[in-house]
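Protein chains in written order, with our numbering: chain A, 14 to 370; chain B, 846 to 1138.
Note that these hints are calculated values from the structure, not bench results.
Check the hints yourself; a few may be wrong.
Derived DSS-like pairs (lysine-lysine); straight-line CA-CA distance at most 25 Å [what the hints assert, rightly or not]:
1) B:K1009 - B:K877
2) A:K190 - B:K1102
3) B:K975 - B:K877
4) A:K281 - B:K1102
5) B:K877 - B:K1125
6) B:K963 - A:K281
7) A:K281 - A:K190
8) B:K877 - B:K929
9) B:K963 - B:K877
10) A:K190 - A:K103
11) B:K929 - B:K1009
12) A:K249 - B:K1007
No experiment lies behind these values; they were computed from the predicted model shown.
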Amino acid sequence: MKSNAKRKIFINNMITYGIVAAAYIIMQVLVGTGHVSSLLKGLLVPFCIYVIMAVSLNLTVGILGELSLGHAGFMCVGAFAGALFSKCMKGSINPTLSLVIAIVIGAAAAAVFGMLIGIPVLRLRGDYLAIVTLAFGEIIKNLVNAIYLGRDSSGFHISFKDSMSLKLEEGGEILIKGAQGITGTPQAATFTIGVILVLITLFIVMNLVHSRTGRAIMAIRDNRIAAESIGINITKYKLLAFSISAGLAGVAGVLYAHNLTTLTAQPKNFGYNMSIMILVYVVLGGIGSIRGSVIATVILYLLPEMLRGLSNYRMLMYAIVLILAMLFNSAPQFVTMRERIMDRFGRKDKKPAKEAA
Amino acid sequence: MGFINYLINGISLGSVYAIIALGYTMVYGIAKMLNFAHGDVIMIGSYVVFVTVSTMGFPPLAGILVAVLACTLLGMTIERIAYKPLRGASPLAVLITAIGVSYLLQNVALLIFGADTKSFTSVVTIPAIKLADGQMTITGETIVTILTCIIIMLGLTTFINKSKSGQAMLAVSEDRGAATLMGINVNGTIALTFAIGSALAAIAGVLLCSAYPSLTPYTGSMPGIKAFVAAVFGGIGSIPGAFIGGILLGVIEILSKAYISSQMSDAIVFSVLIIVLLVKPTGILGKKINEKV
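Based on the sequences and whatever the hints tell you, model everything.
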């Protein structure tokens, strides 16, 4: 029985990896044979970024059961940490190695922030946690826009006023220029690297979900008091899930930073709207379903780009679909209605939405 | 003199936050949900006043009345369509739906009015008062805002403590099941709460846009979030708490803009929220709620 369940999980995981790998191969073949427009080519890396974001947010929302509205803030931390490293190291080490280290640094920085913010706020529940993560995302964006960082022979200089007050020596270099952000980050991100990172993200999250730790986290989600009563350390597991989720968002951030020449923190890329967009992907893919997040991101990200004419209505449609999805999935009367329909068609093996991962 | 000027501006901004926070805190107390779309109701209210007064030439008071009615209807419609079916569902589902509604309102406004900034004409016609030989100016908007806030606070407190519907609201927020058993129409009470909250949002929108006259589809979201911070600061569910929290937050924001950094003022305001939740998660006047198994 147990090995059967394990096999099922294994097959399930393999299907998810398979989808990503197949998508990668198909894209590579299409690119190789010249069937891909330059527009779509430009979307390949962002696309990996959003998949990573959606999967990592799903870890918080679906597996941990807490709503985070500041996910873009962690992405911002990762992006700036990674870009700063790359800019400092530009030309002195191998670009690929530099990117790998940047990713590790970005992930670590975001995870540390996740932990710092998590220690106080994970004691809060539901709405409070959501609003604090939102507040945190805005704080990060504000801080990054106000920071000036420069480097000269005597070391790093930091200021929150302007580039003049850094008092750099002759030949000193400004690394972060307030609202103008970081310029001149090497564009090292490629589709292949993106897909590898997506696979690593999936590997981390899916293994976590099916481990003892993952079961403990889901027990906390389903009934916090019951979980506590059987000796699960709530804070520890919550913090663990939250920091991993933040760290993975940091990875997405590093990828984002290395896909652009200029990195700035604007409401558009690291603001509240970005967090919401990622949340839409997660909700529509199915809260708690990792594969669902991947598929929903692909469809929702590619569709509007394909249908340019509808771009004005894209956000409107997202909003309507988000509301309808929540109503149909969670409203008690719709749930009973759906179950009745299911019964009529004699489907016996229906499983609760949260279980599929 | 500068300090007192900033203080008065802070109290004025804080009064707007307090009015918005009332909507949050009442809905949270009674429906136990965070109505994320509240900030966007403010924006819709401001657009209604903008259209009726600036475009159609209504007198300001009539415009405000139309906005209040429109927002009341909007609030009740939102509650009926999006929130009522989810009663009894998980808080996460309700919160995500509320975010969806907020997003929907923003994008509807974006499609109707466009993304460009509309310059809102102040509806206040009272002239500014100059004190201390002109060193200190109190604008008409400031006076009207502070007075409105006080009137609303007094009116609402009286309504809740003296009227039958107000008592029903208290009962529903205390224990929904018991309130049903006592013959209180719970759904009606919740709808009434949304109606009052949304009407207040319309007034807050007019006051906000009179003081800061630029109107975009995103005007409501930041003040909305800050007002929520104010509601948490004062203790969510508590009406005097919303007042105190709003005023304090407004003063903190204006003072930090003036003396620390205008760029960082939002960061400072949000840090206040985090510190409050760390030190006293129930806010200044909030009650501790024990969770039942």
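Hint check:
no. : hint             : in the structure
1   : B:K1009 - B:K877 : holds, 21 Å
2   : A:K190 - B:K1102 : holds, 21 Å
3   : B:K975 - B:K877  : violated, 45 Å
4   : A:K281 - B:K1102 : holds, 24 Å
5   : B:K877 - B:K1125 : holds, 20 Å
6   : B:K963 - A:K281  : holds, 21 Å
7   : A:K281 - A:K190  : holds, 19 Å
8   : B:K877 - B:K929  : holds, 12 Å
9   : B:K963 - B:K877  : violated, 35 Å
10  : A:K190 - A:K103  : holds, 18 Å
11  : B:K929 - B:K1009 : holds, 23 Å
12  : A:K249 - B:K1007 : violated, 48 Å
In this structure, the earlier hints numbered 3, 9 and 12 are contradicted, and the remaining ones agree with it.
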